[in-house]
Amino acid sequence: MGHPYLYEDRIVMLITMFLMGSTLMYNVRYAQMGGEFYLRPIPGLKAVEEAVGRSTEMGRPILYVPGIQDMDQVETVAGVIVLGHVAKMTARYETSLNVPVSRSIVMKAAREACRESYMIEGRPDMFNEDMVHYLTDDQFAYAAGVNGIMVREKPAACMYMGKFYAESLILAETGNSIGAIQIAGTASQAQIPFFVTACDYTLIGEEFFAASAYLSKKPELIGGVRGQDMIKAAVIATIIFSIIIMTLYDNTGIGFDVSQLLTIR
Amino acid sequence: MEFSTILGAWVAVFLTFGIFSYLYKDNPFYKFAEHLFVGVSAGYWTAIFFWTQIQPNLFGRLFPAKVYGPDSGTPFIYNLLSFISNSVFPEGGIDKGHDQHFIYLIPLALGMMMLLSLIPSINWFARWGIAYTVGMAAGLRAYGYLNSNVIGQVKGTAVNIFNSSLPFFSLSEPSIFNNMIIIVGTICGLLYFYFSKEHTGILGKASKVGIYFLMISFGASFGFAVMGRISLLIGRFNDLIKFSSTEYHHATFWVLTAVIAILGYASYQEKENKSQIADTGQDSVQEEE
Amino acid sequence: MSKIQDTFLKIGSIDRRWIFLIIAAVVIVPLIFPVGLPIRPTDTTKNVYDSIEKLPAGSNVLLSVEYSPSTRPENHPMTISILRHLFKNNHKVFITCLWPDGQFMAQDAINQVAKQEFNKTYGVDYVFLGFRPGNEAVVKGIVSNLRKLYTVDVYQKKIDEIPLMNGINNFKDFDFLFSSSAGFPGTIEWVQYASDPTGIPMASGVTSIQVNEVMPYVQAGQMVGVLAGMPGAAEYEALIDQKGSATSGMDAQSVAHLVIVLFIILGNVSFFIERNRSKKY
Amino acid sequence: MIWKRQIPILIVTIVGWTTLLGWFIDQPDIQEFVNDDATQWFDILASFAIILGALNLIKLQVQKILYQKPGWIYSVVAVMGFLFAITAGFFVKGVDDSVAQWGAHVTTDGTLFKWMFDYMFSPMSATMFSLLAFFVASASYRAFRIRNFEATLLLVSGIIIMVGRVPIGSVISSWFVMYLIVLSAGIYINVWKKDMNTTFVFVAVGISIVTIAGFMYGWPIDKPGIFYLPAIQEWIYYYPNVAGARSIMIGIGLGIFATSIRYILGIERSYIGE
Numbered sequence: 549m550g551h552p553y554l555y556e557d558r559i560v561m562l563i564t565m566f567l568m569g570s571t572l573m574y575n576v577r578y579a580q581m582g583g584e585f586y587l588r589p590i591p592g593l594k595a596v597e598e599a600v601g602r603s604t605e606m607g608r609p610i611l612y613v614p615g616i617q618d619m620d621q622v623e624t625v626a627g628v629i630v631l632g633h634v635a636k637m638t639a640r641y642e643t644s645l646n647v648p649v650s651r652s653i654v655m656k657a658a659r660e661a662c663r664e665s666y667m668i669e670g671r672p673d674m675f676n677e678d679m680v681h682y683l684t685d686d687q688f689a690y691a692a693g694v695n696g697i698m699v700r701e702k703p704a705a706c707m708y709m710g711k712f713y714a715e716s717l718i719l720a721e722t723g724n725s726i727g728a729i730q731i732a733g734t735a736s737q738a739q740i741p742f743f744v745t746a747c748d749y750t751l752i753g754e755e756f757f758a759a760s761a762y763l764s765k766k767p768e769l770i771g772g773v774r775g776q777d778m779i780k781a782a783v784i785a786t787i788i789f790s791i792i793i794m795t796l797y798d799n800t801g802i803g804f805d806v807s808q809l810l811t812i813r
Numbered sequence: 128m129e130f131s132t133i134l135g136a137w138v139a140v141f142l143t144f145g146i147f148s149y150l151y152k153d154n155p156f157y158k159f160a161e162h163l164f165v166g167v168s169a170g171y172w173t174a175i176f177f178w179t180q181i182q183p184n185l186f187g188r189l190f191p192a193k194v195y196g197p198d199s200g201t202p203f204i205y206n207l208l209s210f211i212s213n214s215v216f217p218e219g220g221i222d223k224g225h226d227q228h229f230i231y232l233i234p235l236a237l238g239m240m241m242l243l244s245l246i247p248s249i250n251w252f253a254r255w256g257i258a259y260t261v262g263m264a265a266g267l268r269a270y271g272y273l274n275s276n277v278i279g280q281v282k283g284t285a286v287n288i289f290n291s292s293l294p295f296f297s298l299s300e301p302s303i304f305n306n307m308i309i310i311v312g313t314i315c316g317l318l319y320f321y322f323s324k325e326h327t328g329i330l331g332k333a334s335k336v337g338i339y340f341l342m343i344s345f346g347a348s349f350g351f352a353v354m355g356r357i358s359l360l361i362g363r364f365n366d367l368i369k370f371s372s373t374e375y376h377h378a379t380f381w382v383l384t385a386v387i388a389i390l391g392y393a394s395y396q397e398k399e400n401k402s403q404i405a406d407t408g409q410d411s412v413q414e415e416e
Numbered sequence: 008m009s010k011i012q013d014t015f016l017k018i019g020s021i022d023r024r025w026i027f028l029i030i031a032a033v034v035i036v037p038l039i040f041p042v043g044l045p046i047r048p049t050d051t052t053k054n055v056y057d058s059i060e061k062l063p064a065g066s067n068v069l070l071s072v073e074y075s076p077s078t079r080p081e082n083h084p085m086t087i088s089i090l091r092h093l094f095k096n097n098h099k100v101f102i103t104c105l106w107p108d109g110q111f112m113a114q115d116a117i118n119q120v121a122k123q124e125f126n127k128t129y130g131v132d133y134v135f136l137g138f139r140p141g142n143e144a145v146v147k148g149i150v151s152n153l154r155k156l157y158t159v160d161v162y163q164k165k166i167d168e169i170p171l172m173n174g175i176n177n178f179k180d181f182d183f184l185f186s187s188s189a190g191f192p193g194t195i196e197w198v199q200y201a202s203d204p205t206g207i208p209m210a211s212g213v214t215s216i217q218v219n220e221v222m223p224y225v226q227a228g229q230m231v232g233v234l235a236g237m238p239g240a241a242e243y244e245a246l247i248d249q250k251g252s253a254t255s256g257m258d259a260q261s262v263a264h265l266v267i268v269l270f271i272i273l274g275n276v277s278f279f280i281e282r283n284r285s286k287k288y
Numbered sequence: 059m060i061w062k063r064q065i066p067i068l069i070v071t072i073v074g075w076t077t078l079l080g081w082f083i084d085q086p087d088i089q090e091f092v093n094d095d096a097t098q099w100f101d102i103l104a105s106f107a108i109i110l111g112a113l114n115l116i117k118l119q120v121q122k123i124l125y126q127k128p129g130w131i132y133s134v135v136a137v138m139g140f141l142f143a144i145t146a147g148f149f150v151k152g153v154d155d156s157v158a159q160w161g162a163h164v165t166t167d168g169t170l171f172k173w174m175f176d177y178m179f180s181p182m183s184a185t186m187f188s189l190l191a192f193f194v195a196s197a198s199y200r201a202f203r204i205r206n207f208e209a210t211l212l213l214v215s216g217i218i219i220m221v222g223r224v225p226i227g228s229v230i231s232s233w234f235v236m237y238l239i240v241l242s243a244g245i246y247i248n249v250w251k252k253d254m255n256t257t258f259v260f261v262a263v264g265i266s267i268v269t270i271a272g273f274m275y276g277w278p279i280d281k282p283g284i285f286y287l288p289a290i291q292e293w294i295y296y297y298p299n300v301a302g303a304r305s306i307m308i309g310i311g312l313g314i315f316a317t318s319i320r321y322i323l324g325i326e327r328s329y330i331g332e
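Chains as they are written, first to last, in my numbering: chain A, 549 to 813; chain B, 128 to 416; chain C, 8 to 288; chain D, 59 to 332.
What the hints contain is simulated information worked out from the structure, not anything from laboratory work.
One or more of the hints may lead you astray.
[Said to hold, decoys possible] Some chain A residues near chain D, calculated using beta-carbon distances under 8 angstroms:
no.: 1; residue: Leu554
no.: 2; residue: Leu562
no.: 3; residue: Met568
no.: 4; residue: Val622
no.: 5; residue: Ser652
no.: 6; residue: Met655
no.: 7; residue: Tyr682
no.: 8; residue: Glu721
no.: 9; residue: Gln737
no.: 10; residue: Ala746
no.: 11; residue: Gly772
[To be verified] Far from chain A, some chain B residues (derived; all Cβ distances over 10 angstroms):
no.: 12; residue: Ala192
no.: 13; residue: Phe203
no.: 14; residue: Ile204
no.: 15; residue: Ser212
no.: 16; residue: Gly224
no.: 17; residue: Ile233
no.: 18; residue: Gly391
no.: 19; residue: Gln396
Every residue, glycine too, gets a C-beta built ideally from N, C-alpha and C.
For reference, chain A alone in the conformation it holds in the complex (with noise of 0.2 angstroms):
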């Protein structure tokens, strides 16, 4: 029609984009400005401090394990962000972190971002290149692999935080059997019950990807998160309304189909 260079019919999606986005953009500045938000907390978080500290008193590493998929799944990247913070921390409390990838482009980036919190810690002489170290692509010979570096090594403390699928229970028993402190974060569904089991803290679904916000302190990421809980209310908003209306339209015959406007081709 008018428009030849858009579809219409995801305009409703769009319109929705530009809300969520700017209510994020509205909080990140208003943070960046000052404005404070309470953050509830998060036992698993507070948790990966005490684990680095456990780990030095041990004289044992930290394994850190940032899932199985590369660096096109969004939770990669929050892995290697949270890496980020476990390495400042590492560095510290001068223990030594070893980290097993199965994606090279991880590897690169897991590096990247070691190297750099070892350098803002001052540590640089401690930053080793090989701590972050790849083995293989394939899920379960990585899942072989890094059992083994957990029986021979006896990490004092095992993180878990990316994308994981079924590995995750062989890595989360393995640990559980050498008697280490386990944290893991991920999103993946199927994923987090073996974690919540098996784990001694899991940060399940959002939370994990709020983790990068809590670690950091950061006021332009705390805005985000606080940003997201906007969102998540008027989420749950618009389920209320809708069925509102719903139970309206098939009762009673207004003239409005909110699953209509709510399907996006």
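Assemble chains B, C and D onto chain A, guided by the hints.
Just chains B, C and D now, with coordinates in the frame of chain A:
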């Protein structure tokens, strides 16, 4: 049966038991299988990626056979590459059905930069590739997840709760009660993920209910996981049963006997040694709490 | 009394290797000596069966195979049963793979069902398009322009020369999609990028572990139904009345589940005794 | 500095905006990039990168061998395995060109590569995968303890799915389940009231009610439905489970959306070391 198949069956059975032996404890059979697995799979994926991505999709678009007909010939650079490796660059261009796309020089450049980042002084070369990956992932996933995980699910939850054609209570059919369960569960579950407010009062109660729903969901997942994992074990045992037949010279039986005998002997030896030397306490690691 | 309690406590702190051994035993024994428990189809499985049954004869059905040898025990029986059902009702089948190893699995199924059991003609009754790399990009490619993505089939035959491919240009030319999936890329990508945007009905056969992930899509009507793991496959085998490998695994499956439940109960008993004792002292 | 920091950020922004807005723009070139090329480029990039990974693996293993670190002998196995796979992948096909050209050899029966896949790679993958059956058993043994109400919900829904899903669940009568419920309620009352008499009366009354009802209705195996395991499991995974899973899904969807937007807008930059 061919020799290579029978040899293959023996190798497969040996490696299978090598990995199963981990259930007993970390031992040389497992270490052997583990290291072999890591090495072989790294090589396997390198070859697979090369032959399913770089050769057909990159080189196949830069030097497609469509362009280089029998009369026009191939350019010098291709002839040179073909001289170096005739298997990757066969005569007359690469026939994978692609047209010529010179824009694919960009991923080639990013890929080369990735490789060059091995040189320490320019290791930041890798950042461009990482940046591309993150940008692409962010753009594509933001829409996909928002559409299916958020809007699609909101739509799924938005139903007519007082539908007069539905019974109030029915276990497995849609009913008003079941609709209520979904609505309450979804909303309370969402409230559990509310970060910027203390979970006290009504929010605290709702998020508690939310946790209950999450737990039921986790339990169900766990139940399904048990089911799936047992199915796979059944599949694995079916293979082992197949390989124990006469056709394969009873591979399963012999390998199993050998592995058990060796591990048993080793652990017997270890016990002997331990009773002579004082216990170092090294072995308690495998035990449960 | 305390002697019994001690025994339970001993069971509670049992070395996990004994559990491993018992699991191995209870799986292998019913495989060798089957009992033949009855199989009762659940609604989600029946929905898949009904929606395929409802398709008018000669419908174009896309069958996507995305699993590897490691989940073959769960997915393969589904692929076989679905193929049997489709060929029995004389539908046209188009087979694609999102996983490279899926091609071997699909080839196995074709050899068994299309060639040996039904004697179907290649290019007239079914086409094997095969694997294309690119994960969700392949799904999107099939939706936007299948012919650009697939210029040749698995056997390097030109698509234009295959009679069945006449008039098949994109995803909208199919009437139904069945995805036999073991993870990423798989069912969820098909829902997100193909079925949702076009409205073509789809069903899926998934490994047990994925059931929870895809269930909300089924509940929201984005998929007509789902075959859940090996039991789902066994149920489908019962519906089309052709028993296969899934049915024969069901005894072992049942016994193993019962044993695990027994473990959980024993574990809890010793947990309670322990807790009571620690309260006393 | 500009090459190391600003340009990568710029790349993220440009590529991110293009792929995001590409969903809305009806223009063939942009559509082609978003639908096809964008992910293809990434796949090509990843294929180059895997060479880096492989080199890193070999480097570490060779170091282990050279310095004869503990377990170096197994590093020899890893290196040999890698070389074997590379040989089968690039140098020795094992069949004629008429059977399979280079490139097709990775999927053709009879090649050395396919042999490696069939008899080394796939049995090891499948076995690693089936190890999970054992781990899931020991994990459920240890983790499914009735510590509190949440853990009890986890346990109950897990057990109902486990038993109700498989054929054996459909031969367990709903009356048996009712007796079980009466008995476990009895245990609970005993713990709560600490009075044997109350417990005894409760259990006796409960059992008699169930038995009388059973005789009245003739003990049908699947009625009443709310005590029949296959029916309960279906209800659980269709309703409460979906509600729980859906809230996680929406949360994940929002999390991924918000995180992606943060990357595109350059608010979060630490993935390239900032």
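Against the structure, the hints come out as follows:
Checking leucine 554 of chain A against chain D: minimum C-beta separation of about 6 angstroms stays under 8 angstroms; hint holds. Look at leucine 562 of chain A: its Cβ gets to within about 5 angstroms of chain D, closer than 8 angstroms, so that hint holds up. With its C-beta approaching chain D no nearer than about 7 angstroms, methionine 568 of chain A sits inside the 8 angstroms limit, and its interface hint holds. For valine 622 of chain A, the shortest C-beta to C-beta distance to chain D is roughly 5 angstroms, which falls under 8 angstroms, so the interface hint holds.
Below 8 angstroms, beta-carbon pairs count as interface contacts, and serine 652 of chain A has one with chain D at about 4 angstroms; its hint therefore holds. With a cut of 8 angstroms, the hint placing methionine 655 of chain A at the interface with chain D holds, because the nearest CB-to-CB distance is about 6 angstroms. Interface restraint check for tyrosine 682 of chain A: the shortest CB-CB distance to chain D comes to about 4 angstroms, inside 8 angstroms, so the restraint holds. At about 4 angstroms, the closest approach between the beta carbon of glutamate 721 of chain A and any beta carbon in chain D falls short of 8 angstroms, and the interface hint on this residue holds.
Here the hint on glutamine 737 of chain A is kept, as its CB sits about 6 angstroms from the closest CB of chain D, short of 8 angstroms. Interface restraint check for alanine 746 of chain A: the shortest CB-CB distance to chain D comes to about 5 angstroms, inside 8 angstroms, so the restraint holds. Interface restraint check for glycine 772 of chain A: the shortest CB-CB distance to chain D comes to about 6 angstroms, inside 8 angstroms, so the restraint holds. With a closest Cβ-Cβ approach of about 30 angstroms to chain A, alanine 192 of chain B is found to remain outside the 10 angstroms limit, as its non-interface label requires.
Non-interface call for phenylalanine 203 of chain B relative to chain A: holds, since the shortest CB-CB distance, roughly 32 angstroms, exceeds 10 angstroms. With 10 angstroms as the threshold on Cβ separation, the claim that isoleucine 204 of chain B sits away from chain A holds: the shortest Cβ distance comes to roughly 27 angstroms. Once the 10 angstroms rule is applied to beta carbons, serine 212 of chain B is consistent with being away from chain A; the minimum gap is 22 angstroms. Consistency note on glycine 224 of chain B: stated as away from chain A, and its beta-carbon is indeed over 10 angstroms from all of that chain's, at 25 angstroms minimum.
Remark: the non-interface label on isoleucine 233 of chain B is consistent with the geometry, its nearest Cβ contact in chain A lying 16 angstroms away (cut-off 10 angstroms). Listed as outside the interface, glycine 391 of chain B is consistent with that label: its C-beta sits roughly 20 angstroms from the nearest C-beta of chain A, beyond the 10 angstroms cut-off. Distance to chain A confirms glutamine 396 of chain B as a non-interface residue, since its nearest Cβ pair spans about 20 angstroms, more than 10 angstroms.
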